[in-house]
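*Asks:* Go ahead and model the full structure; you've got the sequences and the hints to work with.
In order, the protein sequence lines correspond to chains R and Z. Quick note, the first sequence lines up with residues 56 to 615 if you use my numbering. Quick note, the second sequence lines up with residues 56 to 615 if you use my numbering.
Hints were generated in silico from the structure; no laboratory data involved. Accuracy of the hints is not assured; some may be wrong.
Said to hold, decoys possible - Simulated coverage check for chain Z against chain R, where a stretch passes if three residues somewhere in it have a Cβ under 8 Å from a Cβ of chain R:
| id | stretch |
| --- | --- |
| 1 | 498-505 |
| 2 | 541-548 |
Unchecked claim - Some chain Z residues near chain R, calculated using beta-carbon distances under 8 Å:
| id | residue |
| --- | --- |
| 3 | Arg96 |
| 4 | Leu107 |
| 5 | Gly111 |
| 6 | Ala113 |
| 7 | Asn114 |
| 8 | Ser144 |
| 9 | Ala192 |
| 10 | Phe433 |
| 11 | Ala509 |
| 12 | Glu530 |
| 13 | Ala553 |
| 14 | Phe596 |
The model shown is predicted, which means the values in this text are computed figures rather than measured ones. Ideal Cβ positions, reconstructed from N, Cα and C, are used throughout, including at glycine.
There are 2 protein chains.
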Amino acid sequence: MTTEPSARATNAPTVAEYLLSRLAAAGARHVFGVPGDYNLRLLDAVVDHPDLEWVGTANELNGAYAADGYARVGGFGVVLTTYGVGELSALNGLAGSFAEAVPVLHIVGSPATAVRQAGAPVHHSLLDGDMDHFVRALDEVTCASAVLTEETAAMEIDRVLSVVLERKRPGSISVPADLVDTPITLTASTPSAGAHLAAPVSALAESATAMLESARSVVVLVDHLARHGVTAELDALVGVKNVASAVTVAAKGLIDESAPGFLGVYVGGVSDEAVRSAVEDADVVIGVGLWWADLSSGGFTVKLDPARLIDVQPARVDVAGEIVDGLPMANALVTLGKILTDRAPLPVREALPAPFVEEPSPCGALTQSVFWERVQRFLRPGDIVVVDQGTSSYGLAPLRLPSGVDVIAQSLWASIGYALPAALGAQLAAGGKRRLVLVTGDGAAQMTIQELGAFFRRGLDPVVIVLNNDGYTVERAIRGPKAPYNDVAHWNWTALPAALGAPDGTSVHRVETTSELDKALAACEGAAGALAFVEVVLDRFDTPALLCRITESAARQNGA
Amino acid sequence: MTTEPSARATNAPTVAEYLLSRLAAAGARHVFGVPGDYNLRLLDAVVDHPDLEWVGTANELNGAYAADGYARVGGFGVVLTTYGVGELSALNGLAGSFAEAVPVLHIVGSPATAVRQAGAPVHHSLLDGDMDHFVRALDEVTCASAVLTEETAAMEIDRVLSVVLERKRPGSISVPADLVDTPITLTASTPSAGAHLAAPVSALAESATAMLESARSVVVLVDHLARHGVTAELDALVGVKNVASAVTVAAKGLIDESAPGFLGVYVGGVSDEAVRSAVEDADVVIGVGLWWADLSSGGFTVKLDPARLIDVQPARVDVAGEIVDGLPMANALVTLGKILTDRAPLPVREALPAPFVEEPSPCGALTQSVFWERVQRFLRPGDIVVVDQGTSSYGLAPLRLPSGVDVIAQSLWASIGYALPAALGAQLAAGGKRRLVLVTGDGAAQMTIQELGAFFRRGLDPVVIVLNNDGYTVERAIRGPKAPYNDVAHWNWTALPAALGAPDGTSVHRVETTSELDKALAACEGAAGALAFVEVVLDRFDTPALLCRITESAARQNGA
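*Replies:* Here it is in structure tokens:
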């Protein structure tokens, strides 16, 4: 026998094995993305990993959207692309994750270390010798990034991942192709000392107790920075007897809207009047994860009295001007909940009027208003609802969601086309155990339609509803209602599922009236286990009322 | 009559009018992109402009690809997006224009000046108060950029446009929404003094004459930096009697391949041997626009003797080490052509063997080799051929193109999915007067398929050929021939045109044999005036020979 050099001289894991084990430990079970020659070795490692599954998407932007949707349901998402072409294509998706505080890791398979150091003019580079153009572009939309080297790979992987998970923002790790199978140099990590929370808990109690004990009305107002890791604490807080609650448009689904204390959606001065006054006139508002943006604040028309506001941020609480630092959001919510539970019960609140009044005629043409009333009835506890920005997200906002419904929407970054790939990620994160209902517009769906094929490829069973209003109605509401630039190509929507791989017998419907819609939704109920597709034909100028109010406000601001 | 304030107090054009007039003066007749609320006023101005037409694309990456394809045919392209979501989505397209030296202007409709200055948390921003994240990302892939202000708008528009047109690289101009209708402050521009070219012309003649006069063989070797503005001068140079010529894979279509002196495609050490030796052993090689990249150089295996090389760059010539600066490429080519015309005729060259030897059996399954032989016969003088990176571009490379054929491909940046939207741009740039043949793979087509709808919407008539080899065969040639990550969703390709808006009676074909292909191509000939679609089923491991040779070389380098 000849002596062959051992393939692996050490028992240390390779860089790829180490990285993938960290992803799995952070809760990822799927990795989304597109192959490219700089990442193929890395993909071999993904395919070989016992706890990870590769989910190829049709392009990288869709992969980033899918990872974002996955993280919103599962807590953490991963997109993996190739250098240059792939990482730039994904960039808009990563930026959305940044704007909306979603922890996504972008892994880039990049040219070998020697090629990078030499600045060789390889494909997917700008051919100008500078190999760092794209990581600098990524740095604009991530909270941490690293280009791995042999010496620092373990440390850098740990650093980027911990920042991503801590700050709930996207990060990127670039893996030069030569390092994939290199044994990793492990650095002994010092376990971080447990935070000493007794002091800030006392400080918060001291600041907040008098305010909460004397209040006759308390509203918990939840915004999108409360998305991750505080579900149980939020549920407990809004469950305190006679505490009222409201959400921003960016926080739909974060609390139980079937609870008796739920008021509705608060959008500053363009809220329904009953909700607006209930929030703004409350003796105390406990804000949870508030981070106002134009669309969530009704064009910056929020009026919350700082003297009556307890503002709970991810690591800090502001109690009417007194700052308590170093307290995680979960602990702050528990502390405030305890004060409210221990005090004398809050007075009973007056009930608000029910949000829906529409009495649709079953034979007339469909309207947005009727459509959303039907969605209200169609939703079940535990559903995942994915809505694209535009008429879909603003149509959904006023609904009273059944308990346990997650809403996936990009309400603030507002990149249309997001919803369809995000639905792929969300459904995989739920392990196929929850029904998923996707509602998107025709203009939005055209942006990313290729990902519809992924649902058939993987045998997933969402209800896909395309609101066909013949163009960009969200833009028509702002400017150019009849301008040609708000039109889109005319597609034969009901022929699309079969073209993109739907099996024979797939439930596909086109509806123009209420009764047709009712039949189609009933058929969707019956199609569980397979994708069902409904094209809903709506008037091109029919716009949910909330969208009109918000876009008027935004248009004033942008000079549009 | 009441006295109303005049809508326009001055005769000066608005910022939008000025910008659009500059685009038209630079040769743009179409503007590609997607509406968004920050750019709607700008789009009103586009729609109103007598010389410009708005071409809405299904998403922004497609818009950037279309503008790039447009610029390759028409000399200059424009993509217009909204802030944040739109500009980041387009980034990969812009980067491709940078890497491959294509002059594209990216116009971004952005938040109003006051909003930007305040760092207000508006939609499509990262909500962190920094409004310059995206222009900094764009700066990584552009040669010039500007965010317009009222005072400097005219100057900045002129500056960015002139750099884009001069350097043949992309640039970006961000137009805050409030400036669109603002009268522009015109600065008197000093006409640039005509360059004094007599001295560098003499210097080049002095350096090059002896070398060219004593040569017994001269090869003109053309690469992609010769893409713009030197067609006539190149034609004249390669038309000199007994001068030989060759192109790189990135320069297909830049010279007349039907000329007797045409050798073929030079790819360094992976060239066909007859081409390699004819180029490398020539007494003098006149390089025109050489800028070697891994894929064009056969993995950096080019061997050109610097002592026998006249290297003509866009503004500089290197004659065997003697540098002549300040001479535009066109003037250099004229000067060199004159020397060759004035000298004693070059000796007759030996003819090279014909590149195609395949004798396909008409009944057997199709192969890549047979397919490309059929494409060779199908092409006509004056066609535009658009090929995606992968088996398409490398299948086309060895063909001998009829005269006047333009080739649109992203051979170096190599972003798959580019071809389909680029074909839209290319066909519009040609004013519908030239036949366009698009060849793309299934994996590539899935990336950007929504833009197929744009051809139907505009009544365009390309021949669209999708090579269905069931996945990413270009990646399979590199690694993971049977790995799941190189598979894609199974689509019903022949059902797609109808789903995306094809009129009844559209010519759609699926072919698996040579005779079926022949019938389909004959039908395409008959379908002129309307789009024809052909799905060509090929074996998943069948790869053009040149692609195998190049990817082997690239794989070695990347450690894949």
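*Asks:* Are the hints correct? Go through all of them and say.
*Replies:* The hints, checked one at a time:
1. 498-505: n = 5 at 8 Å, threshold three: holds.
2. 541-548: holds (count 8)
3. Arg96: holds (6 Å)
4. Leu107: violated (12 Å)
5. Gly111: Holds, about 6 Å.
6. Ala113: holds (4 Å)
7. Asn114: Check passed: Cβ of Asn114 of chain Z comes within 4 Å of chain R, closer than 8 Å.
8. Ser144: holds (4 Å)
9. Ala192: Hint holds; Ala192 of chain Z Cβ to chain R Cβ min 4 Å, cut 8 Å.
10. Phe433: violated (26 Å)
11. Ala509: holds (6 Å)
12. Glu530: holds (5 Å)
13. Ala553: Check passed: Cβ of Ala553 of chain Z comes within 6 Å of chain R, closer than 8 Å.
14. Phe596: Hint violated; Phe596 of chain Z Cβ to chain R Cβ min 16 Å, cut 8 Å.
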